[in-house]
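There are 2 protein chains.
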Amino acid sequence: MKLIAKIIPIKSVRPLAIMNQSDAEELGVFEGDRVRLVAGRKYLTATVQIALGFIEKGYIGICLKSAEDLGVEDGSEVDVIPIPKPASFEYIRKKLDGHKLTREEIYEIVRDIVNDALTEVELTAFVLSSYVHGMDLDEVEWMTRAMIETGETIDFEEGIVVDKHSIGGVPGNKISLIIVPTVASAGLLIPKTASRAITSASGTADTMEVLANVNLSIEEIKEITLRVGGVIAWGGATNIAPADDKIIRVEYPLAIDPRSQLLASVMAKKGAIGAEHVVIDVPVGEGSKVPDVEEGKKLANDFVELGRRLGLNVTCAITYGGQPVGRAVGPALEAWEALKAMEERKGAKSLMEKALGIAGIIFEMVGKTTNGYEYAKEIFESGKTLEKFKQIVEAQGGDPNVRSDDIPIGDKTYDVISPIDGAVAKVYNSRIVKVARAAGAPKDKGAGVLLFKKGGFHVKKGDVLFRIYAEKEWKLDKAIEVALKEPPVVVSGMILERYPSYRWMR
Amino acid sequence: MKLIAKIIPIKSVRPLAIMNQSDAEELGVFEGDRVRLVAGRKYLTATVQIALGFIEKGYIGICLKSAEDLGVEDGSEVDVIPIPKPASFEYIRKKLDGHKLTREEIYEIVRDIVNDALTEVELTAFVLSSYVHGMDLDEVEWMTRAMIETGETIDFEEGIVVDKHSIGGVPGNKISLIIVPTVASAGLLIPKTASRAITSASGTADTMEVLANVNLSIEEIKEITLRVGGVIAWGGATNIAPADDKIIRVEYPLAIDPRSQLLASVMAKKGAIGAEHVVIDVPVGEGSKVPDVEEGKKLANDFVELGRRLGLNVTCAITYGGQPVGRAVGPALEAWEALKAMEERKGAKSLMEKALGIAGIIFEMVGKTTNGYEYAKEIFESGKTLEKFKQIVEAQGGDPNVRSDDIPIGDKTYDVISPIDGAVAKVYNSRIVKVARAAGAPKDKGAGVLLFKKGGFHVKKGDVLFRIYAEKEWKLDKAIEVALKEPPVVVSGMILERYPSYRWMR
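Chains as they are written, first to last, in UniProt numbering: chain A, 1 to 506; chain B, 1 to 506.
It should be emphasised that the hints constitute simulated quantities derived from the structure, not laboratory data. A few of these clues could be false.
Since copy identity is lost for identical chains, a pair holds within one copy or between any two.
Stated by the list, open to error - No farther apart than 27 Å at their CA atoms in a straight line, the calculated lysine-lysine pairs in the DSSO-like style are these:
1) K11 <-> K85
2) K57 <-> K434
3) K346 <-> K453
4) K57 <-> K472
5) K57 <-> K478
6) K453 <-> K340
7) K2 <-> K384
8) K246 <-> K11
Given the structure is predicted, the values throughout are model-derived calculations rather than measurements.
Take these sequences, add in the hints, and give me the full structure.
In structure tokens, the structure reads:
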């Protein structure tokens with residue numbers, strides 16, 4: 001069917017063919033069907049959308065980018081041909097019906113995800129089907145391999161390549177800023193790609209960006225790693241495992257994170273950058289992604305087995321995720337806390353124990369030592385971690401002479417104090433994040449929360465429990481409102497509860 | 001956050017807030033999140049879409065209709081406020097995790113579907129969750145009631161109101177054109193709402209539209225039914241069970257039809273028009289929706305029990321759906337076949353047996369007779385069915401004096417003949433539909449297929465198996481191509497297969 005192009009000044013992820021109801025009926029297509037748009041020798045696949053009144057019969061609305069790709073302008077003729085759904089759609093239907101997919105089927109699905117050949121509804125169906133029915137380790141392995149192979153990869157010809165990854169869920173987890181230089185200063189290669197915050201207050205990429213450029217290409221990641229031993233880059237700037245970003249785009253609005261996708265996503269990123277030894281940090285506990293150690297062990301087991309199948313040596317560190325790591329939450333505050341610890345060669349106990357513990361596991365995995373924690377602690381306390389961190393910052397275009405106290409923190413602050421004498425009964429991860437985000441994190445780098453009292457600490461009436469930082473007055477006000485409505489830090493007297501709570505009637 | 005409106009010349013189903021990445025980060029929202037757009041005293045809820053390059057920082061793209069609703073124009077200021085997902089989203093997540101929903105939760109979901117408060121991804125998640133996990137009869141009952149209550153309904157103050165519904169899947173099913181007047185001429189009220197074809201060659205509404213207007217309001221349906229006893233209207237022109245159309249829009253691209261939605265959809269429509277006695281036609285067999293009689297019985301059982309809960313007297317007719325009903329497939333051809341049968345007081349055996357059989361069940365249900373089939377046959381053969389049909393056609397604005405041979409049929413035809421002597425071994429429902437649709441049905445009313453030989457018929461070499469009708473030469477050519485590639489009618493010699501197929505090696 002020949003139609004006249006009408007160019008619509010929007011850009012859509014997938015090409016759209018916006019048609020009049022009557023033309024669509026004539027062509028025998030419905031909303032969501034695929035058509036091929038042909039102009040001369042150029043063509044592309046588009047998804048039919050029925051215009052609600054603004055495209056006349058005989059016309060077809062196409063977006064800016066499609067018009068460019070087809071080389072057509074307003075008034076050009078475009079041939080519109082119905083085409084069937086891609087084969088991968090049948091495989092998604094198969095998974096939806098609870099059947100196991102083959103290697104070839106999974107590869108086809110992942111290729112179509114990367115090429116934007118699936119509509120949003122179809123991709124949603126795939127993610128939901130793997131959420132509801134799960135995938136076995138064969139399927140997860142194929143998924144991981146397909147995700148690696150459909151993106152860019154790094155092959156280090158020399159050196160021992162290690163990596164670490166946290167599955168997330170615990171605020172203030174700035175440990176990579178300490179682990180990467182500690183490990184690199186011992187001669188290992190650690191090309192760490194990190195993510196930005198989606199629902200958290202700061203991703204490692206957001207935190208590192210306070211001090212250096214994290215938008216590195218895959219060539220830059222390799223070059224810097226070979227030169228100084230380590231890097232902390234934003235994975236999203238590369239084309240590593242590109243299917244992952246597209247899947248996450250669908251998971252986010254559904255607030256789901258299928259186990260199979262979590263496994264494949266992490267391992268694909270680690271496999272793609274050529275890591276041989278990997279530590280996976282699995283925070284467990286209330287308010288983190290994994291409720292308890294038992295569940296953490298199951299997940300750890302899958303990571304280790306998946307690593308074995310992919311030729312990666314994997315160890316999982318099941319860590320305490322019931323409250324924030326260290327004291328600072330928010331990009332600049334976290335960068336400040338990590339750098340301060342490196343400068344002073346000491347820091348908050350939870351931060352030091354976790355960062356050096358994981359660095360230590362890496363040292364043991366590669367056979368450097370049988371007491372990794374002590375080995376890492378020695379490096380850290382000798383000042384080598386700081387020295388290496390400065391080299392990394394410089395290699396990533398930052399100022400190597402930056403000092404923690406130079407880091408700009410939001411100058412609008414508010415202290416939340418304890419109303420009573422007692423002890424901190426609870427620190428809520430999700431509430432801390434809510435306050436930090438209301439204050440402006442991660443977009444406003446200087447916004448966040450600094451904890452003065454964590455779980456178990458004794459407090460006196462009037463003690464500062466935490467301080468909110470913001471760059472803008474109105475955001476500080478909003479954050480205070482959130483903090484007062486749902487207190488992130490709860491103090492109780494020593495008697496936490498009275499049971500039964502009623503008093504005996506006399 | 002205050003942004004400047006930029007009006008985009010598109011109309012979308014749900015209001016969109018097209019934002020610059022930087023503004024979205026500043027506001028802390030992601031694609032798919034909800035925001036409230038406020039202009040003066042007017043406001044609406046919109047879904048965030050991140051502009052790919054064409055909306056500058058400080059601006060917000062909104063569609064024509066939203067701009068009208070807000071009373072803003074290009075350059076007006078709009079306040080953008082993030083708001084949480086609706087409560088129904090939590091219930092969808094609950095169903096996704098396999099839990100049973102409560103009555104209140106289902107009502108909330110249905111209300112939000114009707115009000116377009118759920119995004120396409122969220123609605124997809126709901127439909128998929130009920131496909132994968134199913135719903136029990138409590139949930140289906142609540143779903144049905146909620147669908148009825150969120151739309152228009154008819155209350156007939158007098159008369160016995162009956163109805164019939166086919167769950168579909170078998171081509172050429174023009175029985176309603178005979179059942180409705182037969183039943184109405186016996187003094188019952190039958191306000192039949194029908195659907196248009198989505199993937200078939202003709203829906204009952206498409207077929208009836210050849211002879212009369214089917215776009216009737218709910219008031220017209222009631223008035224005509226009270227006046228002449230029956231009506232055959234397009235349900236889509238009314239606001240009966242509006243949630244159903246929105247759910248179908250998501251089911252179509254996924255090619256799924258969850259059992260629970262099928263039950264709720266059918267029964268909501270019947271309940272809404274005030275039917276007391278309903279026959280459900282469940283075609284079974286290869287190529288129809290239900291594979292065999294056993295499965296048909298299970299579905300029938302659910303229909304009957306659901307009817308009992310809703311106060312509807314339901315009987316299911318499990319019918320043979322392995323090949324088309326009658327000989328004609330396509331709107332005008334089907335109208336022709338039905339009208340011809342009424343004029344001649346006889347017709348194809350499969351058509352007469354099914355139409356009069358179902359009319360007969362209705363007569364038995366209301367206690368008119370204990371031999372419904374004979375009762376219906378008498379009415380039909382007396383000419384009363386034709387007489388009543390003409391009254392209905394006239395009441396719906398058609399020509400009551402129309403004769404079957406006046407009906408315009410496509411004048412481009414092609415006969416497919418048998419290449420051998422033998423018998424018809426198979427008639428493929430799906431292939432017949434494919435050919436009819438390629439020929440232009442249902443959009444071109446005169447397009448379709450007329451069968452001369454059906455399953456079991458003996459044929460001689462050169463006999464016409466079926467004739468393709470089209471209104472346009474190029475569509476006829478396409479239909480011929482489809483028919484030759486995948487033959488809809490297959491003739492075999494009497495030895496259908498040789499087993500083992502290899503010959504003994506000597």
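Results for each hint:
no.	hint	result
1	K11 <-> K85	both (23 Å within a copy, 26 Å between copies)
2	K57 <-> K434	between (50 Å within a copy, 25 Å between copies)
3	K346 <-> K453	within (18 Å within a copy, 90 Å between copies)
4	K57 <-> K472	between (51 Å within a copy, 18 Å between copies)
5	K57 <-> K478	between (50 Å within a copy, 23 Å between copies)
6	K453 <-> K340	within (19 Å within a copy, 88 Å between copies)
7	K2 <-> K384	neither (69 Å within a copy, 49 Å between copies)
8	K246 <-> K11	both (17 Å within a copy, 26 Å between copies)
Hint 7 from the list above is the single one not met by this structure.
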